[in-house]
Amino acid sequence: MRGDDVLGSAFRWLNDPLVWQGPGGIGARTLEHLGMAGAAVLLATVVALPLGVWLGHRGRGGSWLIPLTNTTLALPTLALLMIFASSGVGFGNRPTVIALAVFAAPPILANSWTAMREVDRSVREAARGMGMSSARSLARVELPLALPLVAAGLRTASVQVVASVSLAAFVGGGGLGRFLVDGFATRRYGQVLAAAVLIAVLCLLVEALLALGQRLLTPVPLRTGRGAVARS
Amino acid sequence: MTRTGADPTATATTAVGPPANPWFSWAYVERNWGDISTALSQHVTLTAQAVLLALAVALPLAVLAYRLPRLAGPILGASGVLYTVPALALFAMIYPLLWDPRTTVLIGLVMYALLVLVRNILVGLRGVDRGVVEAARGTGLGPTRMLLTVELPLALPSIVTGLRLATVSTVALVTIGIIVGYGGLGQLLYRGFNSQYRAEIATATVLTLLVALVADMLLLALGRALTPWDRGRH
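The listed protein sequences derive, respectively, from chains A and B.
If you read the first sequence in the numbering used here, its first letter stands for residue 1, the second for the next number, and so on.
If you read the second sequence in the numbering used here, its first letter stands for residue 1, the second for the next number, and so on.
These are calculated hints, taken from the structure and not from any lab test.
All values reported here derive from a predicted model rather than from experimental measurement.
C-beta atoms are modelled at their ideal positions from N, C-alpha and C, and glycine is treated no differently.
Accuracy of the hints is not assured; some may be wrong.
Said to hold, decoys possible - Here are the computed distance ranges between Cβ atoms for each label pair: (1) A/12 x B/82: 21 to 29 Å; (2) B/59 x A/16: 40 to 48 Å; (3) A/120 x B/123: 43 to 51 Å; (4) B/213 x A/129: 45 to 53 Å; (5) B/77 x A/11: 25 to 33 Å; (6) A/140 x B/145: 55 to 63 Å; (7) B/210 x A/117: 29 to 37 Å; (8) A/204 x B/56: 23 to 31 Å; (9) B/56 x A/71: 26 to 34 Å; (10) B/214 x A/130: 51 to 59 Å; (11) B/81 x A/130: 42 to 50 Å; (12) A/120 x B/30: 56 to 64 Å.
Claimed, not checked - Just a few of them, taken from the derived set where beta-carbon distance is under 10 Å, the chain A residues facing chain B: (13) 74; (14) 75; (15) 79; (16) 127; (17) 129; (18) 130; (19) 166; (20) 167; (21) 181; (22) 195.
Throw the hints in and build the complete structure from the sequences for me.
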C-alpha cells in the first residue's frame, strides 16, 4: 500500500457519514472516550486531592509522595491495564478506568501536597493570629492560595488520562483507540491514520481547554507556568 | 501480591476445578527463556538507541535555545504540543509512512525523550552562575570553549536528571509499540493477556520495572562520577 493511497483512504473514511454515526461511530466513541477519562480523573481526584491537601496542611509525613510519583513513571500503563484485565476486575472499560485512575492519582497528590506546603508560613500564622481555626484557615486562606498549583496537577492528570484511554482497546474496551486497534487488525491503514489524527486533535483540544480553565481559575498576580511534568 | 503458587504439586492435586494460573511461575521463565531474552534485548536496545539519539538532537537544540532566547519559546512550544499527542496515535501516524515497525517505534520514542531532555538541558544551562561565566570570560575563553568547559559541565546535574527521567519513561513507552508489533517486553504482555497466561504478564511487568530501575541506577552512578564537585550536596 503506498503512502498517497493511505492518505486518500483516510480522507474517504473521515468523509463517510456512516463512520460518524451509530453506536460504534466516531461520535459515540468520542463520548465514550471522554466519559471513561472523566470517570478515571474523578475517581483519582476523590481519593488523591483530599489526601494531598490534608498531608500538606498537616506539614509532615508526606515526603514519600514525590518519590512515589517518580516511581509510577516506570510502570507501563499497559502492564497495569493487562494485570487488571486478567484478574477479577474483568475486561473492557472498567479495568481501564481503574488503571488510569491509579496513574492519575500521583500527579494530583504530589501537586496538591506541594501547593499546600508552598503556602507562606507567615500567611498561615497571620490567619491563626486573627483567631481563625485550623479548618477555617485551610478553607479561607490556604486553599485559595494553593488553587493554581492544584489546578496544574489536575490538568496534567487529565491530559495524561485522555491520552491513555486509547489503550482501553487493547483489553477489549471502547473509546477512540478502538479504531486504531481494529484498523491495524484489518490492515485498514487509512482508518488508522485518520483515527490517530482524531485522537491527537482531541488531546490537544482538551489540553487547550484545561489550560484556559486553569488560567481563569488563577488570580492575575499568580499567573505563571505549569507545575508538574506531563506524561502520556 | 501473595499468590506465588509455582510449585509442581499444585497441578497434581487440582484435578477438579480450573487449572492453576499463578501470577509467578519459575517454570514459565525456564520454558520461555528464548522468547523472554529476545523481548528483553529488543526492549533494552530500543531504549538505549532512542535516548542516545534524543540526546544527540536535544543538545544542539537546547544550546540554540540558550544562545538565542527568542527561539526558546517556539522550540519548547513545539515539543510541548508533540508531547500531548499520545504515543499510540503517534506510532499509528508514523507507521503508514515508513512501513517499518522498528523505525516507527524508535522515531516515536526519540520524539518523546526530546522534550524532557531539551527542557532539562535548558534549565541546567540557564542555572549556571553568571559570576562563573563572567570570570571564565575574563580569563579569555571564547564562546565554544566556554560552552564545553564551563557551561555544559556545570549544567550536568540537570542534564543527568533529564536523562534519567527520559530513560525511565522511554522504558515504559516501548510497550506501546505492540500496536505495530514491536513492543519489546510489551509483546509478552500482550501475548500473555490474549492467552490469559498470568505468569507471562507478571514476568514481563517485573522485567520492565527492572530494566527501568537498572537504567536509572546506572545513570545516577554516571552522574555522580561525572560531577565529583557536586557530591557533598546530596
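Okay, the hints, checked on the actual structure:
1. A/12 x B/82: 21 to 29 Å: holds, 27 Å
2. B/59 x A/16: 40 to 48 Å: holds, 46 Å
3. A/120 x B/123: 43 to 51 Å: Because 25 Å falls outside the window, the suggested range is violated.
4. B/213 x A/129: 45 to 53 Å: Given about 48 Å between the Cβ atoms, the range holds.
5. B/77 x A/11: 25 to 33 Å: holds, 28 Å
6. A/140 x B/145: 55 to 63 Å: Because 56 Å falls inside the window, the suggested range holds.
7. B/210 x A/117: 29 to 37 Å: Cβ of residue 210 of chain B to Cβ of residue 117 of chain A: about 33 Å, so the range 29 to 37 Å holds.
8. A/204 x B/56: 23 to 31 Å: holds, 28 Å
9. B/56 x A/71: 26 to 34 Å: The hinted range 26 to 34 Å holds for residue 56 of chain B and residue 71 of chain A, with Cβ atoms some 28 Å apart.
10. B/214 x A/130: 51 to 59 Å: Because 54 Å falls inside the window, the suggested range holds.
11. B/81 x A/130: 42 to 50 Å: holds, 46 Å
12. A/120 x B/30: 56 to 64 Å: At roughly 59 Å between Cβ atoms, residue 30 of chain B and residue 120 of chain A fall inside 56 to 64 Å, so the hint holds.
13. 74: Hint holds; residue 74 of chain A Cβ to chain B Cβ min 4 Å, cut 10 Å.
14. 75: Check passed: Cβ of residue 75 of chain A comes within 6 Å of chain B, closer than 10 Å.
15. 79: OK, holds: residue 79 of chain A within 10 Å of chain B, min 4 Å.
16. 127: Cβ of residue 127 of chain A sits 34 Å from chain B, so the hint is violated.
17. 129: Nearest chain B Cβ about 36 Å off; hint violated.
18. 130: violated, 39 Å
19. 166: Holds, because the Cβ-Cβ distance from residue 166 of chain A to chain B comes to roughly 5 Å (cut-off 10 Å).
20. 167: Status holds, d = 6 Å.
21. 181: holds, 7 Å
22. 195: holds, 7 Å
Hints 3, 16, 17, 18, counting from the list given before, are not met by this structure.
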